[in-house]
Amino acid sequence: MAQKRVLMKGNEVIAEAAIRAGCRNYFGYPITPQTEVMHYMAKKMVQVGGNFVQAESEVAAINMVYGAAAAGFRVMTSSSSPGISLKQEGISYIAGAELPAVVVNIVRAGPGLGGIQPAQGDYFQATKGGGHGDYRNIVIAPASVQELYELVVEAFNLADKYRMTCMIVGDGTLGQMMEPVAFRDEEPVETIAKPWAACGRKGDSFHHTVTSIYIDPDVLEKKNLELQDKYKIVEANEVRYEAINMEDAEIVITAFSTCSRISRNVIRQAAELGIKVGMIRPITLWPFPYKAISEAADMPSVKAFLDVELNAGQMIEDVRLGVNGKKPVYFHGRLGGNLPMQKEILDKIVAIHEGKITEGGNF
Amino acid sequence: MAVVFEPTKGLTDKPFHYCPGCCHGIIHRLVAETLVDNDALETAVGVASVGCTYNSYEYIACDMVQAAHGRAPAVATGIKRNLKDSFVFTYQGDGDLASIGTAEIVHAAARSENITVIFVNNAVYGMTSGQMAPTTLVGQVTTTSPWGRDPSYQGYPINVSEFLSNLAGAAYVERVCVTDYKNIQNAKKAIQKAFNVQKNKLGFSLVEVLSTCPTNWGKEPLAAMDWLKENMEKQYPLGCYKGADITFDADGKYVSGAIPATANNCVNVGEVKK
Chain D
1 MAQKRVLMKG
11 NEVIAEAAIR
21 AGCRNYFGYP
31 ITPQTEVMHY
41 MAKKMVQVGG
51 NFVQAESEVA
61 AINMVYGAAA
71 AGFRVMTSSS
81 SPGISLKQEG
91 ISYIAGAELP
101 AVVVNIVRAG
111 PGLGGIQPAQ
121 GDYFQATKGG
131 GHGDYRNIVI
141 APASVQELYE
151 LVVEAFNLAD
161 KYRMTCMIVG
171 DGTLGQMMEP
181 VAFRDEEPVE
191 TIAKPWAACG
201 RKGDSFHHTV
211 TSIYIDPDVL
221 EKKNLELQDK
231 YKIVEANEVR
241 YEAINMEDAE
251 IVITAFSTCS
261 RISRNVIRQA
271 AELGIKVGMI
281 RPITLWPFPY
291 KAISEAADMP
301 SVKAFLDVEL
311 NAGQMIEDVR
321 LGVNGKKPVY
331 FHGRLGGNLP
341 MQKEILDKIV
351 AIHEGKITEG
361 GNF
Chain L
1 MAVVFEPTKG
11 LTDKPFHYCP
21 GCCHGIIHRL
31 VAETLVDNDA
41 LETAVGVASV
51 GCTYNSYEYI
61 ACDMVQAAHG
71 RAPAVATGIK
81 RNLKDSFVFT
91 YQGDGDLASI
101 GTAEIVHAAA
111 RSENITVIFV
121 NNAVYGMTSG
131 QMAPTTLVGQ
141 VTTTSPWGRD
151 PSYQGYPINV
161 SEFLSNLAGA
171 AYVERVCVTD
181 YKNIQNAKKA
191 IQKAFNVQKN
201 KLGFSLVEVL
211 STCPTNWGKE
221 PLAAMDWLKE
231 NMEKQYPLGC
241 YKGADITFDA
251 DGKYVSGAIP
261 ATANNCVNVG
271 EVKK
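Protein sequences appear in the order of chains D and L. Start counting the first sequence at 1; every next residue gets the next number (my numbering). Start counting the second sequence at 1; every next residue gets the next number (my numbering).
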C-alpha cells in the first residue's frame with residue numbers, strides 16, 4: 001500500500017478510481033453536482049486509451065453503458081438525481097440482461113428539478129427498484145473520499161462478479177469535498193471471464209445474445225427466479241456496515257454517508273454529557289445490514305434508535321424492519337439540501353435520553 | 001445434384017415469426033448474406049430493437065444484443081467504441097427509430113458513429129397492432145388515425161433519410177425497397193456499400209428499406225407490395241441521399257468520394273476474457 005496522499009475532490013476520485021479499476025468506458029451527460037466526474041473523464045479516459053462519450057441524454061448514456069457492458073467491457077456512468085431517474089429504464093434492462101455496470105448517483109435534493117444541494121432522497125429509488133420489474137442493484141454509500149476511492153474500485157469487481165448494476169450513492173457534500181486520498185500501487189482488480197459477452201462469435205458454434213425479453217411466461221418466471229437466487233447470494237455475502245462505539249451503547253444512531261460523519265461527532269459530544277451513543281453505519285444500502293440492526297435491538301443496554309437522514313425518512317423503514325418493534329426508533333431529518341447541525345442531533349439524543357419525546361420524527 | 005439455392009449461414013434455424021408478405025424476412029436475409037459475403041459472421045455484433053424485429057437477435061447468426069425501444073444507436077455506440085474493427089449494426093423499425101428513438105439516431109449520425117443502421121419503414125406500428133407511426137402517410141388509416149392521418153390534427157410524416165443526410169456526420173444514406181428482384185438487388189448493393197463505409201471507417205451509414213405490413217394495412221401480400229410502390233414511394237422517393245459519390249475498389253477499399261472528417265472515434269479496448 002502506497003502511502004503517498006493526494007488532496008482530491010470526491011467527484012474526481014470517483015473517475016480516477018474507475019480508471020484504476022480497469023474501466024475504459026465512460027458515458028455521461030452534464031448535471032450538477034457530479035459534473036467533475038465527467039470533466040476528469042473527458043481528459044484522463046482519452047489519455048489512457050479508453051472511451052469517453054458525452055451522450056445526448058442520460059437515456060442515451062445508460063444505453064451506451066448497456067452496449068459496452070453487453071460486449072464485455074467495464075463501464076461506468078455518473079449522474080445526479082433527475083438524471084438517475086432518466087437512467088432507470090436502462091438500469092432495468094441491465095438487470096434483466098444481467099450485465100455488469102457501475103452507476104454513480106451524487107444525490108441532490110428533489111423532487112422534480114429540486115435543488116443542487118446535498119440530499120439522500122433517492123434512497124427508495126436506489127434500494128427498492130427505481131425502474132420496472134423485480135430486480136435489485138448493489139447500492140454502496142461511501143462516507144469519505146478515501147472510502148469513495150476504495151469502494152468504486154470494489155464496485156467494478158462486484159458488478160462483474162454478480163453481473164448486475166453496482167450503484168454508488170453519494171451526495172453533493174461527498175462529491176464536492178476535498179480530502180486526502182492514499183492510492184494503492186496496484187488495485188485489487190479481478191478479471192472475471194465473460195463467456196456470455198456479445199463481442200463476436202470468434203469460433204464459437206453459437207451466437208451470443210444479450211437480451212431481457214422472454215415472451216413465454218414460464219421461461220420468464222424461471223429467469224426471474226434465477227435472478228432472485230442471485231440476489232439471495234448477494235444478501236448472504238455482501239452486507240457491509242460499520243459499527244461504532246456499540247459495546248454498551250444506550251442510543252444507537254443509524255446514518256449513512258454524510259449523515260454518519262455529522263453523527264460521529266455527536267457521539268463524542270453525547271459522551272461528554274454522560275450519554276452512551278453508538279452508531280451503525282450501513283455501507284451497503286442494499287443488501288441492508290438488517291442482522292446488525294436486529295442484534296443491536298436485542299442488546300440490553302440499547303434503549304432506543306435514532307435514524308438521521310437527509311430526507312423525510314426513507315432508510316428508517318429498513319431500520320424498523322431490523323429493529324422489528326423491539327425498541328423505539330426516533331428520526332431526525334433535514335430536507336431541501338440542508339444538513340443537520342450537530343446540536344440538532346445532540347438535542348434529540350438528550351430528549352430521547354430524558355424520555356421527553358415520542359417515537360417518530362421531526363416532521 | 002448441384003445446389004442452386006440454400007439457406008444462408010447468416011441466419012439461424014429458428015423459424016421467423018413474421019406475418020406472410022412482410023418484408024422483414026427478405027431484409028433479414030440480405031443483412032445475413034452481407035455478413036457471410038464479407039466473412040463477418042464471426043466478428044459482427046448486431047443490435048435488435050423493439051417492435052416486430054425485437055426477436056431478430058434470435059434469427060441473425062452473428063452476436064446480437066437486444067436493446068430498449070429507440071435506444072439501439074446508443075447501444076451500438078457503446079459496442080462499436082470498443083470493437084473498432086468489428087461490423088456493428090442496428091436493425092430498427094420506424095416507430096423505434098423515427099419516434100421514440102429520434103434523439104439517439106440524430107446524435108449517432110451527428111457524432112458520425114462508425115455504425116450501420118438498417119432502418120425498416122412500413123409507415124405503421126406493426127407489433128402493437130397498427131397505430132399511426134411518425135412515417136404514416138397523410139390520409140393513411142391506422143388504428144390511431146381512424147379517419148386517415150390529417151395533417152391539421154396529426155401533423156406530417158418524417159422523411160428520415162432526407163433529414164439525416166443533412167447532418168455533416170452522416171457518410172452514407174440511401175433509401176431502397178424490396179418489392180421485386182431488381183429492387184432486392186439494389187437493396188443488397190446498398191447494404192454492402194454501408195458495410196464498406198463502416199469497414200473503411202468513413203462514418204455513419206443508414207439504409208432505409210421501405211417495407212410492407214399486410215396485416216396492419218389490411219391487404220393481401222401482393223396488394224401490399226403494389227400499395228407500397230404506388231403510395232409510399234411518392235412520400236419516400238428511393239435513391240441515395242448522402243455519399244452517392246463514395247466509391248470502393250473490388251476489394252471494398254475506399255477509393256474516392258466526400259466523407260465526414262471523423263470516424264476515428266473508436267478504440268480497441270483489449271480482449272474480453274471468455
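FYI, nobody ran anything at the bench for these hints, they're computed from the structure. Errors might be hidden in some of the hints.
[Said to hold, decoys possible] Just the calculated beta-carbon pair ranges, DEER-fashion: (1) L:Pro-20 to D:Pro-111: 28 to 36 Å; (2) L:Tyr-254 to D:Tyr-214: 55 to 63 Å; (3) L:Val-3 to D:Asn-237: 36 to 44 Å.
[What the hints assert, rightly or not] Below 25 Å or equal to it, Euclidean Cα-Cα: the simulated DSS-like pairs (lysine-lysine) are: (4) L:Lys-253 to D:Lys-223; (5) D:Lys-230 to L:Lys-84; (6) D:Lys-202 to L:Lys-229; (7) L:Lys-182 to D:Lys-202; (8) L:Lys-199 to D:Lys-161; (9) L:Lys-253 to D:Lys-202; (10) D:Lys-223 to L:Lys-274; (11) L:Lys-229 to L:Lys-219; (12) D:Lys-202 to L:Lys-9; (13) L:Lys-182 to L:Lys-201; (14) D:Lys-222 to L:Lys-14; (15) L:Lys-219 to D:Lys-202; (16) D:Lys-291 to D:Lys-343; (17) L:Lys-229 to D:Lys-161; (18) L:Lys-199 to D:Lys-202; (19) L:Lys-189 to D:Lys-43; (20) L:Lys-253 to D:Lys-44; (21) D:Lys-230 to L:Lys-253; (22) L:Lys-234 to D:Lys-202; (23) L:Lys-199 to L:Lys-188; (24) L:Lys-84 to D:Lys-43; (25) L:Lys-219 to L:Lys-273; (26) D:Lys-230 to D:Lys-128.
Backbone N, C-alpha and C define an ideal beta-carbon position, used for all residues, glycine too.
Next item on the list: Take a quick look at whether L:Lys-234 and D:Lys-202 sit within 25 Å of each other, Cα to Cα.
Entry: Between L:Lys-234 and D:Lys-202 the Cα gap is close to 44 Å, so the pair fails against 25 Å, i.e. violated.
Note to self: For a C-alpha distance cap of 25 Å, please report whether L:Lys-199 and D:Lys-161 respect it.
What the structure shows: Not OK: L:Lys-199 and D:Lys-161 at ~34 Å, beyond 25 Å, violated.
Checklist line | Distance restraint between D:Lys-202 and L:Lys-229, which requires alpha-carbon spacing of 25 Å or less | finding: violated (41 Å)
Item checked: Hinted pair L:Lys-229 and L:Lys-219, Cα distance within 25 Å -> Satisfied, since the Cα-Cα distance of roughly 14 Å is no more than 25 Å.
Check: Would the pair L:Lys-253 and D:Lys-202 pass a check requiring their Cα atoms to be no farther apart than 25 Å?
Finding: holds (24 Å)
Item checked: Distance restraint evaluation - L:Val-3, D:Asn-237, Cβ atoms, bounds 36 to 44 Å -> At roughly 56 Å between Cβ atoms, D:Asn-237 and L:Val-3 fall outside 36 to 44 Å, so the hint is violated.
Check: Taken at face value, is the distance from the CA of D:Lys-202 to the CA of L:Lys-182 at most 25 Å?
Finding: violated (34 Å)
Next item on the list: Take a quick look at whether D:Lys-202 and L:Lys-9 sit within 25 Å of each other, Cα to Cα.
Entry: holds (15 Å)
Check: L:Lys-199 and D:Lys-202: Cα distance at most 25 Å?
Finding: holds (18 Å)
Check: Can the restraint linking L:Lys-253 and D:Lys-223 be considered satisfied, given a maximum Cα separation of 25 Å?
Finding: Violated, at about 45 Å.
Margin query: For L:Lys-84 and D:Lys-43, compute the direct alpha-carbon distance and say whether it is at most 25 Å.
Written below: This hinted pair holds, its Cα atoms lying about 21 Å apart.
Note to self: What's the verdict on D:Lys-230 and L:Lys-84, does the C-alpha distance respect the 25 Å limit or exceed it?
What the structure shows: Given pair D:Lys-230, L:Lys-84 is violated - Cα atoms ~34 Å apart, limit 25 Å.
The structure shown violates the earlier hints numbered 1, 2, 3, 4, 5, 6, 7, 8, 13, 15, 16, 17, 19, 20, 21, 22 and 25.
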